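Colleague: From just these sequences and the hints, can you work out the full model?
Below, each chain spelled out in residue letters.
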Amino acid sequence: MPTMRRIATAAAGSLALALAATSCSTGGDATETLDPNADLSEQTLTVSIWADYYPEDLAEQFEAATGVKTTIVNHTTNEDIVAKLTASSDPGIDVAFVSGQYAQALGEQGILAKLDKSLIPNEENLYPEALELAYDEGNVYSEPYAWGTTGLCYRPDLTGYDPTSWNDLLDPKPELVGKTTMLSTDRWLSMPALKAAGHSLNTTDDAELEEAKAQLIETKPTLLAYDDTTFYSKLVSGEAAMVEAWDGWCNYGIAEDPSIKFVVPEEGADLWVDTMTVLESSKNKEAAMAFIDYILDPEVQTWVAENILYKVPNKAAMEALDPALIDSYPTLGITVDELTQQETIVDLGEDTVKYVDLNAEVLATN
Amino acid sequence: MTSTLQREAPVPFLAPGVLFLIVFMAIPVGLLAFYTFFTRGRFGGIVFDFTLDNWAKLFEPLYLGVIMQSIGMALVVTVLALLLGYPMAYGIAGLSPKWRTVALVAIVLPFWTNFLIRTYAWILLLNNAGWVNQWLQGLGLVDEPISMLYTPQAIIVGLLYMYLPLMVLPLYASLQQLDPSLREAATNLGATPWRAFRTVTLPLSIPGALTGCIFVFVPAMSNFVIPELIGGGKTIMVGNLVRDQFFEARDWPFGATLALVLTILLVIVILVQNAVSRRLTEGPRRG
Chain A
1 MPTMRRIATA
11 AAGSLALALA
21 ATSCSTGGDA
31 TETLDPNADL
41 SEQTLTVSIW
51 ADYYPEDLAE
61 QFEAATGVKT
71 TIVNHTTNED
81 IVAKLTASSD
91 PGIDVAFVSG
101 QYAQALGEQG
111 ILAKLDKSLI
121 PNEENLYPEA
131 LELAYDEGNV
141 YSEPYAWGTT
151 GLCYRPDLTG
161 YDPTSWNDLL
171 DPKPELVGKT
181 TMLSTDRWLS
191 MPALKAAGHS
201 LNTTDDAELE
211 EAKAQLIETK
221 PTLLAYDDTT
231 FYSKLVSGEA
241 AMVEAWDGWC
251 NYGIAEDPSI
261 KFVVPEEGAD
271 LWVDTMTVLE
281 SSKNKEAAMA
291 FIDYILDPEV
301 QTWVAENILY
311 KVPNKAAMEA
321 LDPALIDSYP
331 TLGITVDELT
341 QQETIVDLGE
351 DTVKYVDLNA
361 EVLATN
Chain B
367 MTSTLQREAP
377 VPFLAPGVLF
387 LIVFMAIPVG
397 LLAFYTFFTR
407 GRFGGIVFDF
417 TLDNWAKLFE
427 PLYLGVIMQS
437 IGMALVVTVL
447 ALLLGYPMAY
457 GIAGLSPKWR
467 TVALVAIVLP
477 FWTNFLIRTY
487 AWILLLNNAG
497 WVNQWLQGLG
507 LVDEPISMLY
517 TPQAIIVGLL
527 YMYLPLMVLP
537 LYASLQQLDP
547 SLREAATNLG
557 ATPWRAFRTV
567 TLPLSIPGAL
577 TGCIFVFVPA
587 MSNFVIPELI
597 GGGKTIMVGN
607 LVRDQFFEAR
617 DWPFGATLAL
627 VLTILLVIVI
637 LVQNAVSRRL
647 TEGPRRG
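Chains as they are written, first to last, in the numbering used here: chain A, 1 to 366; chain B, 367 to 653.
Hints were generated in silico from the structure; no laboratory data involved. Worth double-checking, as some hints may not be accurate.
Below, a list of computed lysine-lysine pairs in the DSS-like style, where the Cα atoms sit at most 30 Å apart [said to hold, decoys possible]:
id	chain 1	residue 1	chain 2	residue 2
1	A	K84	A	K114
2	A	K84	A	K117
3	B	K423	A	K213
4	B	K423	A	K84
5	A	K354	B	K423
6	A	K283	A	K220
7	A	K220	A	K354
8	A	K315	A	K114
9	A	K84	A	K354
10	B	K423	A	K220
11	A	K213	A	K283
12	A	K315	A	K261
Remember, it's a predicted structure, so these values are computed and weren't measured experimentally.
Modeller: Spelled out as structure tokens, the structure:
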């Protein structure tokens with residue numbers, strides 16, 4: 001597969017890349033039998049994926065390899081695609097990319113088809129750990145596409161030291177007041193405060209959430225801003241010295257300023273996974289399985305790691321990475337052990353409201 | 367009240383407009399109102415269990431506070447826009463036709479550029495490491511960068527910049543339409559220029575000013591991009607709340623409640639504007 005170098009454009013276009021997360025358990029439907037000898041060229045495929053998250057000619061490549069006429073459409077966030085998938089009984093999408101916790105929830109709702117592993121032999125390229133992720137153990141409904149964690153992305157020349165703890169962000173040194181940003185979306189707003197206090201990032205305990213909320217409200221006046229999309233540019237410009245960042249996005253800063261560093265604080269962080277799922281309503285399931293199998297090809301996933309600068313759960317692909325790239329972007333070198341020690345974000349069902357309210361209160365407090 | 371002209375307008379001419387209003391206004395707002403009485407679905411959407419919780423939640427101090435703060439900020443923006451926009455419109459109306467066109471194009475020109483791009487341009491200019499601070503420091507005017515972004519004041523400036531043209535244009539239209547002979551008459555009868563302005567021009571331009579105020583107040587109150595980008599997400603307005611309920615919280619019923627309240631508030635503002643405007647203009651029209 002031709003490798004397209006697109007680091008800079010990936011960085012610029014990644015504004016719309018919505019992020020990821022994770023979680024547990026699965027529901028179940030009877031698997032319909034798929035025909036391993038189905039004529040794929042008779043099938044068509046519609047794939048929905050985040051913009052700027054895949055090779056531009058992916059549809060053509062897959063079509064050339066299998067004869068399946070393929071259309072790729074983009075979504076901007078998990079919420080966006082989930083709304084489409086749940087709005088009607090046949091959304092006209094065969095393969096949907098969603099974060100792990102959403103795959104879990106959609107699987108529980110019977111919206112996803114069980115994967116037919118006989119049609120996905122490339123699953124063997126995955127790290128064994130990538131088959132034991134809490135949101136979908138055994139990868140019944142989903143195969144992982146990319147994964148990563150969250151930490152502190154910082155400029156040592158501006159911080160003057162190497163931060164090691166979430167408290168470096170939550171209670172910044174006086175000289176860093178007004179020079180830090182935090183993520184404000186979904187569960188990443190509360191994660192630093194929960195982790196710093198030694199709580200699970202999936203807690204539903206009201207006292208723990210209350211404690212985190214108080215900490216976040218205390219931290220708010222010390223922030224330059226909340227920023228979910230341009231935090232790495234604030235580092236590059238020197239407006240910010242330290243930001244809460246997804247590892248892959250910190251790389252977009254490193255691409256412009258190699259002195260930028262990333263650290264997962266000692267209290268730990270999250271493990272997020274973006275996954276590929278097949279819709280139960282799909283009439284082209286054989287082609288859909290073949291598509292997932294095609295993506296799990298080491299060459300395709302090497303492209304993802306090299307160009308999107310996200311880690312991929314594909315052992316063969318990661319081993320094929322150019323060591324020089326890992327030198328430039330150390331987050332790509334985070335080992336599977338280190339990564340899987342982090343806590344996966346679990347879909348909390350009805351208790352999700354607690355986090356929604358926490359976010360609203362922290363963000364609305366002056 | 368309703369003018370005779372409207373009452374006699376033939377149905378075929380009204381039909382497209384009425385249809386448009388039904389499809390794009392009445393039905394959506396009706397749906398919004400309907401949604402406010404039900405429960406949120408797990409992935410967004412609506413579960414049809416009747417509840418009044420959404421309305422109760424609205425009166426929690428947190429949300430009430432955000433609504434009041436938005437009204438306050440939109441009011442400040444509107445007053446500033448009026449103070450800045452009136453002299454601008456007055457000046458433009460007094461220009462020769464050629465320069466008038468130039469001035470109007472200059473005012474409308476920013477609208478040709480995408481609003482997000484203009485917002486990012488402000489960030490590029492005003493951030494702590496931005497051009498303005500670089501120049502100020504380069505010229506030795508300041509030692510430390512001045513923080514100009516990510517404050518409530520920055521939001522007000524951003525909104526003012528964005529919506530000032532919407533104040534200037536209706537004001538200009540009403541000032542430009544004023545019959546010059548009215549002012550001449552006042553002057554001929556011995557009024558000083560200031561008195562002629564105060565007693566003739568100013569009252570006659572009030573409907574235009576009120577329209578401008580509505581044009582600024584309404585979008586300023588519901589904007590959510592400027593608080594997020596220029597305000598750094600640290601101060602939220604009711605527009606952010608509505609957006610977050612749908613996209614982050616997946617709580618459509620509460621989002622619908624907030625949106626409906628916002629709509630009702632703005633309709634009230636428009637009704638008041640209409641009533642005031644009509645009282646001011648009814649006399650001359652009847653005569």
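Colleague: Hint by hint, note whether the structure agrees.
Modeller: Results for each hint:
1. K84/A x K114/A: holds, 20 Å
2. K84/A x K117/A: holds, 26 Å
3. K423/B x K213/A: Holds, at about 19 Å.
4. K423/B x K84/A: At roughly 28 Å apart (the allowed maximum being 30 Å), K84/A and K423/B satisfy the hint.
5. K354/A x K423/B: holds, 14 Å
6. K283/A x K220/A: Violated: K283/A and K220/A sit about 50 Å apart, past 30 Å.
7. K220/A x K354/A: Cα-Cα ~19 Å, so holds.
8. K315/A x K114/A: Within the cut-off at roughly 23 Å; holds.
9. K84/A x K354/A: holds, 24 Å
10. K423/B x K220/A: The hint holds at about 24 Å.
11. K213/A x K283/A: Distance ~46 Å between K213/A and K283/A Cα, so the pair is violated.
12. K315/A x K261/A: holds, 25 Å
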